[in-house]
Amino acid sequence: MDTTTHRPELDDADLIVRHSLLEDVLGIVTGTFTVSLGLFLLKTSGAVTGGTAGLALLLSYVGGLPFSVLFFAVNVPFFALAVWKKGWDFTLRTMAAVALVSGLSYLHPLALGGLTLDPLYAALGGNLLAGVGLLILFRHKASLGGFNILALILQERLNWRAGYVQMALDTGIILAAFTVVEPVAVLLSAIGAVLLNLVLALNHRPGRYLGA
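Under full-length UniProt numbering, the sequence shown is numbered contiguously, ending at residue 212.
The hints are simulated quantities; they were obtained by calculation from the structure and are not laboratory data. Note that the structure is predicted; figures quoted are calculated from it, not measured. A portion of the hints provided could be inaccurate.
[Said to hold, decoys possible] Pair by pair, the computed Cβ-Cβ distance ranges are: (1) 29 with 65: 41 to 49 Å; (2) 112 with 64: 41 to 49 Å; (3) 22 with 103: 37 to 45 Å; (4) 84 with 184: 37 to 45 Å; (5) 116 with 171: 23 to 31 Å; (6) 180 with 99: 36 to 44 Å; (7) 179 with 113: 40 to 48 Å; (8) 120 with 90: 18 to 26 Å; (9) 29 with 191: 23 to 31 Å; (10) 179 with 20: 43 to 51 Å; (11) 175 with 20: 40 to 48 Å; (12) 183 with 22: 45 to 53 Å; (13) 85 with 30: 36 to 44 Å.
[Unchecked claim] When the alpha-carbon atoms are kept at most 30 Å apart in a straight line, the in silico BS3-like pairs for lysine-lysine are as follows: (14) 43 with 141; (15) 141 with 86; (16) 85 with 141.
Backbone N, C-alpha and C fix where the C-beta goes; we use that ideal spot for every residue, glycine too.
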């Protein structure tokens, strides 16, 4: 007797339960809060991470401008790319997410004050929170803009693997940090960035999540 449990195909449209508008709003708020808290931990310890968030952190160390202003500014060129590649729905959600992260960056210092954190804890914890927050945003058809859009375009135009392009851009940010922060902080930043990408790689995979 065949005791194999029947499993429907993962791409069966009948199995997909779409998120309601309220679920999307709560998901984006939760994701951006989690990301912004992770970035606060990183900034408190003087670490950086990959993506446009890492670039904005790095520029804030160099020029002294607020992270919130820099984070929104560096994402502006990518909004146009998002419209082109992903459509207006995704772009508007992404713009809202970027604006929320920028705004929430003012909340955490007020609520938590000046923290003294162990650098390793801050680097790992900050990137772990950022990775989980990004994962939530992805599952509600949003992102924090940035390099992933560019990586997709280069993959389509030049046949470069998007993952390798993203890794190269993130590596460039980490290496650039050597000119601004201590070498130990750069090393911790690199370890943290690997952790962030592992969170996404292990959890954001086709067929693993059927919500839409």
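Are there hints from earlier that the structure breaks, and if so, what are their numbers?
Hints 1, 2, 3, 6, 7, 8, 13 not satisfied by this model.
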